[in-house]
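Novice: Residue-level listing of the chains:
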Amino acid sequence: MEEKTPILSVRNLNVKFSLRGKVLHAIRDVSLDLYKGETLAIVGESGSGKSVLTKTFMGLLDQNGWIDSGSILFQGKDLAKYKTEKEWLTIRGGEIAMVLQDPMTSLNPLKTIGAQIREALMLHRSMNKSQAYQRTIELLNDVGIPDPVRRIRQYPHEFSGGMRQRVVIAIALACNPQILICDEPTTALDVTIQAQILHLIRDLVKKYALTTVYITHDLGVVANVADRVAVMYAGDIVEIGTSREVFYDARHPYTWALLSSLPQLGHRGEKLFSIQGTPPNLYAEIKGDAFAPRNPHALKIDFERRPPLFQVSPTHWARTWLLHPDAPSLDPPEVLQRLRQEEWQ
Amino acid sequence: MSEQPILSVRDLKVDFGSHRKPFHAVRGVSFDVFRGETFGLVGESGSGKTTIGRAIIRIYEAAGGEILFRGQRISGRISKDLDREVTRKIQMIFQDPMASLNERAKVDYIVAEGLYNTDRRLTQEQRRQKVEQALLDVGLLPEFASRFPHEFSGGQRQRIGIARALIMQPEFIVADEPISALDVSIRAQVLNLMAELQKERGLTYLFISHDLSVMRFICDRIAVIHKGLLMELADTETLFRHPLHPYTQALLSAVPMPSPDLRQDEPPVLYDESMHDYSVHLPVWCEIEPGHFVRGSEPELEAYRKIIAEG
Ligand SMILES: Nc1ncnc2c1ncn2[C@@H]1O[C@H](COP(=O)(O)OP(=O)(O)OP(=O)(O)O)[C@@H](O)[C@H]1O
Ligand SMILES: [Mg+2]
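Chain order of the listed sequences is X and V.
Sequential numbering from 1 applies to the first sequence in our numbering.
Sequential numbering from 1001 applies to the second sequence in our numbering.
The set of hints was computed from the structure by calculation and includes no laboratory data.
Among the hints, erroneous ones may be present.
Unchecked claim - Dumping the calculated DSSO-like pairs for lysine-lysine here, alpha-carbon to alpha-carbon at most 30 Å:
(1) V:Lys1199 with X:Lys271
(2) X:Lys55 with X:Lys287
(3) X:Lys22 with V:Lys1106
(4) V:Lys1089 with X:Lys271
(5) X:Lys271 with V:Lys1130
Stated by the list, open to error - Over the 10 Å line for every Cβ pair with chain X, so calculated as not near, a few chain V residues:
(6) His1024
(7) Asp1108
(8) Asp1119
(9) Lys1306
Values in this document were obtained by computation on a predicted structure and should not be read as measured data.
Beta carbons are placed, not taken as given, at the ideal position from N, Cα and C, and that holds for glycine.
Let's have the full structure, built from the sequences with the hints guiding it.
Specialist: Dropping the structure here:
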């Protein structure tokens, strides 16, 4: 296997928000390496911290949030220390670009899409007008927008939801970023459109040699885009590994539970597996393994001490006491074997 | 299935917009739903699936065709008594529990709202008891009655939405994307609850969704709708294993499977309406084999018959 170089390294990151006098601990001591050229998917339930984590890479935390400790190393600099907008502008859009769920939040309804792409081009890459025009047409071709010469003069509302998302991707690419962060880019789209956008993103990742972070709560999407998968729970990465390791050889009870509750693993007329209880309150201090209160197999130590990350393979880690040599052995739920079933197709 | 359907939709048409410039949202749709089954209606946004659901609960008027409930016509002008009965017996559960619940009303009012409209003779005490029972039925505590919706999680809010439907003792529930806004783990809870209630009370569901992967595991039969027309209807296994219509095939191939080894590497199959040549032979809605309906022109149907014969 070729040696992998991290392009971005997060170390012991803690992010907090203050809300009505109380402090919420949204990211709890997360470490993560992003490797050049890979697509890393981050999965987890609503509120687990997927968006907050990646927002710290671009200085986009809401006003009431801050990096409490930790570092984010990128190109020899620690982004966690960035303070001013001026510093962030060297990163945002240029080195790291983002595609969000709702394309309308990223587009200006009053400007033609051609003008918006051109702006991004001229801002981040010194191009003259005619070069920018040529490049805009190329980009629209690359993201699969037919008839770009005509489309360039149209406004966002003249595009369908799927086409708008393609425009947003074109704007992101205009900045020639190293890292592309996609936060639920297809969640609001129809399945057939989603399939096209996923395919497009995979093509572009190759063509532009992008490193991609793909945030989603949809495990079907994860299986279709990711090289590696990070599972988040209550502000922490509880398991990380290659896509196959996480889907077929998961080790953390939360990953088991998440996979087991997929409706696709159910049989009609039988009960689906469901996780009991609710995620922990991030305003309160979390002791031990955050998933312990909902984990029917929790050990005593799970309630007392936070487990370290245990290494399962050179590419696979999980934060669970079950991997401690002295822990009782526990088999993953049987239904997970259905994940491999061929008869789906 | 020789029994009489609980609900029949016959050549239903629904229009929006002005008379001058109507938009045909539903363009002639027919299907039967039988008692105790879960009938799925799957389609993409704007396909008309929600419109059909709303026409059934009489929010939208039919521009053509009719809807029969237990053999009685419930579309168009109907008697006050029948209207009251339909309002009770057919209930709807909505996609976004947050948006569908009145944020400023307490849970007890939200759950009991339907009773105020159909059963004015109930005393306050009787109503309170019914609310309590409905909350218990969906696994919520009776104490929740005095709280506001924003104090609940998404899954709990969807349960409140279900309690609100159950209190009417319905026979037929139109569930419009009831789990789309929920997290995977919460989805399973809501689906289990719906299945349990169906078993206990013999409820019939019309389950409207864009998510085929979920439908496969809860629907007995599925109808595929595209631009206001049904493309195909079959029992779930047949539809998944032997889809005939190219639109059904495109839809199925687009569903991402949660298993990396089944990853789709080829570009997704696209459906292009212009592939059908309907200039000479008009398409019809045809029962191509028992219980399996598909839309197509005579030459297309001939080709489908061949595929079926070859197994
Ligand atoms: N501006 C803010 N003020 C207070 N709390 C916040 C703020 N932004 C995020 N949070 C909290 O931080 C935690 C992580 O939120 P985040 O948006 O990262 O979740 P997510 O995993 O992206 O969820 P979703 O799937 O719903 O997008 C949540 O508990 C959230 O409520
Ligand atoms: Mg998010």
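Novice: Are any of the numbered hints broken by this structure? If so, which, sorted upward?
Specialist: none
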